[in-house]
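Got chain A; can you put chain Y on it based on the hints?
Which chain is which? The protein sequence lines are A and Y, in order. What the first sequence shows, in our numbering, is residues 300 to 744, in sequence order. What the second sequence shows, in our numbering, is residues 300 to 744, in sequence order.
Each hint should be verified, as a subset may be incorrect.
Identical copies go unnamed one by one, so any copy, or any two together, can satisfy a pair.
[Claimed, not checked] With a Cα cut of at most 30 angstroms, we get these calculated BS3-like pairs of lysine-lysine:
no., residue 1, residue 2
1, Lys399, Lys688
2, Lys411, Lys494
3, Lys544, Lys494
4, Lys411, Lys399
Hint data in this document are derived by calculation from the structure and do not stem from the laboratory. Being a predicted model, the structure only gives us computed values, none of them experimental.
Number of protein chains: 2
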Amino acid sequence: MSTTSKIMPLSGFPEWLPDQRMVEQQLLDRVRRLAELYGFVPLETRAVEPLSHLTHQGETSKEIYTIRRLHDEGDAPDELGLHFDLTVPLARYVQEFRGKLRFPFKRYQIQKVWRGERPQEGRYREFYQADLDVVGDGALPLHFDAEMPALMHELLGAFPIPRATVLVNNRKVLDGFGRGLGREDTTEVVRALDKLDSIGRSGVRELLIDSAGLTETEADSWLDLAAIRRPDTGFVDEVGALGVKHERLSEGLDELATVIAASSVLPPGSVVADLHIARGLDYYTGTVYESVIDGHADLGSICSGGRYDDLASSDAGSLPGVGISVGVSRLLGRFLGGGMIRASRETPTCVLVALVSEETRAQSAAIARSLRSRGIAAEAFHEPLRFGKQIRHADRRGIPFVWFPAMNPGEQDTVRDIRSGEQVPAEPAVWNPPESDLYPHVLTS
Amino acid sequence: MSTTSKIMPLSGFPEWLPDQRMVEQQLLDRVRRLAELYGFVPLETRAVEPLSHLTHQGETSKEIYTIRRLHDEGDAPDELGLHFDLTVPLARYVQEFRGKLRFPFKRYQIQKVWRGERPQEGRYREFYQADLDVVGDGALPLHFDAEMPALMHELLGAFPIPRATVLVNNRKVLDGFGRGLGREDTTEVVRALDKLDSIGRSGVRELLIDSAGLTETEADSWLDLAAIRRPDTGFVDEVGALGVKHERLSEGLDELATVIAASSVLPPGSVVADLHIARGLDYYTGTVYESVIDGHADLGSICSGGRYDDLASSDAGSLPGVGISVGVSRLLGRFLGGGMIRASRETPTCVLVALVSEETRAQSAAIARSLRSRGIAAEAFHEPLRFGKQIRHADRRGIPFVWFPAMNPGEQDTVRDIRSGEQVPAEPAVWNPPESDLYPHVLTS
Numbered sequence: 300m301s302t303t304s305k306i307m308p309l310s311g312f313p314e315w316l317p318d319q320r321m322v323e324q325q326l327l328d329r330v331r332r333l334a335e336l337y338g339f340v341p342l343e344t345r346a347v348e349p350l351s352h353l354t355h356q357g358e359t360s361k362e363i364y365t366i367r368r369l370h371d372e373g374d375a376p377d378e379l380g381l382h383f384d385l386t387v388p389l390a391r392y393v394q395e396f397r398g399k400l401r402f403p404f405k406r407y408q409i410q411k412v413w414r415g416e417r418p419q420e421g422r423y424r425e426f427y428q429a430d431l432d433v434v435g436d437g438a439l440p441l442h443f444d445a446e447m448p449a450l451m452h453e454l455l456g457a458f459p460i461p462r463a464t465v466l467v468n469n470r471k472v473l474d475g476f477g478r479g480l481g482r483e484d485t486t487e488v489v490r491a492l493d494k495l496d497s498i499g500r501s502g503v504r505e506l507l508i509d510s511a512g513l514t515e516t517e518a519d520s521w522l523d524l525a526a527i528r529r530p531d532t533g534f535v536d537e538v539g540a541l542g543v544k545h546e547r548l549s550e551g552l553d554e555l556a557t558v559i560a561a562s563s564v565l566p567p568g569s570v571v572a573d574l575h576i577a578r579g580l581d582y583y584t585g586t587v588y589e590s591v592i593d594g595h596a597d598l599g600s601i602c603s604g605g606r607y608d609d610l611a612s613s614d615a616g617s618l619p620g621v622g623i624s625v626g627v628s629r630l631l632g633r634f635l636g637g638g639m640i641r642a643s644r645e646t647p648t649c650v651l652v653a654l655v656s657e658e659t660r661a662q663s664a665a666i667a668r669s670l671r672s673r674g675i676a677a678e679a680f681h682e683p684l685r686f687g688k689q690i691r692h693a694d695r696r697g698i699p700f701v702w703f704p705a706m707n708p709g710e711q712d713t714v715r716d717i718r719s720g721e722q723v724p725a726e727p728a729v730w731n732p733p734e735s736d737l738y739p740h741v742l743t744s
Numbered sequence: 300m301s302t303t304s305k306i307m308p309l310s311g312f313p314e315w316l317p318d319q320r321m322v323e324q325q326l327l328d329r330v331r332r333l334a335e336l337y338g339f340v341p342l343e344t345r346a347v348e349p350l351s352h353l354t355h356q357g358e359t360s361k362e363i364y365t366i367r368r369l370h371d372e373g374d375a376p377d378e379l380g381l382h383f384d385l386t387v388p389l390a391r392y393v394q395e396f397r398g399k400l401r402f403p404f405k406r407y408q409i410q411k412v413w414r415g416e417r418p419q420e421g422r423y424r425e426f427y428q429a430d431l432d433v434v435g436d437g438a439l440p441l442h443f444d445a446e447m448p449a450l451m452h453e454l455l456g457a458f459p460i461p462r463a464t465v466l467v468n469n470r471k472v473l474d475g476f477g478r479g480l481g482r483e484d485t486t487e488v489v490r491a492l493d494k495l496d497s498i499g500r501s502g503v504r505e506l507l508i509d510s511a512g513l514t515e516t517e518a519d520s521w522l523d524l525a526a527i528r529r530p531d532t533g534f535v536d537e538v539g540a541l542g543v544k545h546e547r548l549s550e551g552l553d554e555l556a557t558v559i560a561a562s563s564v565l566p567p568g569s570v571v572a573d574l575h576i577a578r579g580l581d582y583y584t585g586t587v588y589e590s591v592i593d594g595h596a597d598l599g600s601i602c603s604g605g606r607y608d609d610l611a612s613s614d615a616g617s618l619p620g621v622g623i624s625v626g627v628s629r630l631l632g633r634f635l636g637g638g639m640i641r642a643s644r645e646t647p648t649c650v651l652v653a654l655v656s657e658e659t660r661a662q663s664a665a666i667a668r669s670l671r672s673r674g675i676a677a678e679a680f681h682e683p684l685r686f687g688k689q690i691r692h693a694d695r696r697g698i699p700f701v702w703f704p705a706m707n708p709g710e711q712d713t714v715r716d717i718r719s720g721e722q723v724p725a726e727p728a729v730w731n732p733p734e735s736d737l738y739p740h741v742l743t744s
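Looking at chain A on its own, in the form it has when it is part of the complex (with noise of 0.2 angstroms):
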């Protein structure tokens, strides 16, 4: 399988050093372990979808990939194209398999996803997603966005970053506002908010003047309902001060007012009401949220999400939504690939056995088999070298010990912690290393 053709990084497609994989593998565990103890079961949907399901939202089109076989005899019934996101197999999913599956469904998805975007700093044609989401058959209570921010904010404390802050709306007082202003279409103004954290308040206002077409004192309202703030339900009586009324506004001044309150027993200021958020692009009807890492603003938001009234609909009636999506793969280019974090050694081996020599390698290998089998990861050296070089072997790959065996009948074998230096006489069938070397950590530099 020699290649001829010459070898090249594919741009778009990064791919991690095993170090940096066991990282990764690390964090997406957490993930994982999360989602479970919150109850959410495990989803995993094939990497294609028809074409006509993909494009159906129409907006993100130019970037998907399609697939078709390399010698396609024209026979294909259905054009097919890679996932770009976990929400569309999703809502396919559940139509699919609805008579199969229990509702509320609580499903979480941990899997690669596909744009053809132009790659960018931060922005891969191939990367992970893990979504977690709530689907309701015909209804889902409040209960479930209520408990959202809580599941964001121990994921994000789960990861080895800064501390993050997670930001709640809700796209019915953006709309109520709206309307309680006259005006029934606040597009253009959700748009002009988004920009709030780039091009800052003097700029959303031009823009909610000169496209949106706002009056100045309309403009005003929204930059004052826009730099609302506050962790706790007090935003309530701050809007209700704007003198701006309507029914829709305080439909969703009572729901978000629901949600922060359930986040009231986590630590002050981990969750909190800002009323500028509006995921500007995405179809949510009520809830939405975002967050945002200390020191890390210009990454913008790696875990967010909200509630689709519509997640899906058919003639048996529709599944209303709510949920979050990380962006792991961004939130790794930033700390793994920027050197913040590592792993704390290369592989996950945590013995090396020394070979010492060719008649004794069934007893090394022994040896080894004998730490696996109590769960201590073991590999017996492969060379008889001498032991300076199968030391060096250990070294450069961060395992922490070294196993000597008997050279000698009625002589012991020996264990070395090869950065102490520190040699001790040991068994296999009993010896265990510390707790903490067991395995490779993620550590923070």
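Structure of chain Y alone, referenced to chain A:
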């Protein structure tokens, strides 16, 4: 995101229900755990490779899926395809990252692969493979070939399936035997021997004479060789008794004897020298491995592999490899799809905390939070329905415990095992379920 087009399963792209996905995850976890105990590092490569790399071997080109951006402006520098196995990506990866890897490079890789084959029972267009390989830089000691059968034995033993046997041969034995008979090219012979299990001795004899052009005596020699199957190194003398001599044959027998001898610590019959194993369509150069599951010979080998002396090569020299691949999806298709294995319950949730009333939501949430903080998967019910309905919700999902918050001051919470009906007082900060209920496990039926 309502979908108007009809939703249909895609042939060849199977999807599991969540409880089945839990089983799949647990089996993949076992592969990962075992690989790491043996000191293999994790690797995940991008799903796509340049088409020129994928088609380099030629034979599989018909199965490749190519990808392109839906709105490709024709500026793609290189046509891309989805990988159809994990060996071609490994060969590319070790060349691309050669300077950053440690050799011998032991890696495991568990990923989906895609093949545009016509779907049929046990053949999918998207499926999981789990590969373990060791790659050397320039040379790779036979030690690594010899370690592999024990690993295969442990892997197969970690699956909830009947007893499996590991079969080993060496291509040099077949090559050398042919040369000893005065024939350089054994391609047709190997192809015929591969059919022994399906068309039997007389059918293969006919093929050897008619298609491979052997004499009757030669054909019988080959059939005698192919009939040799020994759990120990006794096969060396049995081959010797056939009277065929060649240096390459001796070399192959030596290597095979070393591999079989290293497996002698395993339960008798676990690893067998089987001289008809050839892995006909693959480019192996020495040791070859297959496996067979008791009572499921028709499934073929779900764990196979061998040595490539030239996994990859470049100006910097060759990179020989030895490894195995587990057909996880094929195995699951048979045993999980066939209902022979299943999850002990439908959800990770161990405890459903009942909701007494709207007013006590925070109390139920706090109980669930306390249980989760000690690693017990728990969720609070979302509606204050009567307890019978909440218990039924748990029962349908196989959630073993329902927690009832105290309803009056001075009372204690209680927890009910809904299988036995036993209900006892409990505190969320100290109560523990039996170890066996903590997490769903895989049952054989």
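Hint-by-hint comparison with the structure:
With identical chains, the CA atoms of Lys399 and Lys688 are at most 30 angstroms apart between copies only, with a shortest distance of 19 angstroms across copies and 59 angstroms within one. For the homomeric pair Lys411 and Lys494, the shortest alpha-carbon distance inside one copy (29 angstroms) is at most 30 angstroms, but the shortest distance between copies (39 angstroms) is not. When the C-alpha separation of Lys544 and Lys494 is checked against a cutoff of 30 angstroms, the pair qualifies only within one copy, where the shortest distance is 25 angstroms, while the shortest distance between copies is 80 angstroms. For a Cα distance limit of 30 angstroms, the shortest separation of Lys411 from Lys399 qualifies both inside one copy, at 25 angstroms, and across copies, at 25 angstroms.
Consistency note: the structure conflicts with none of the earlier hints.
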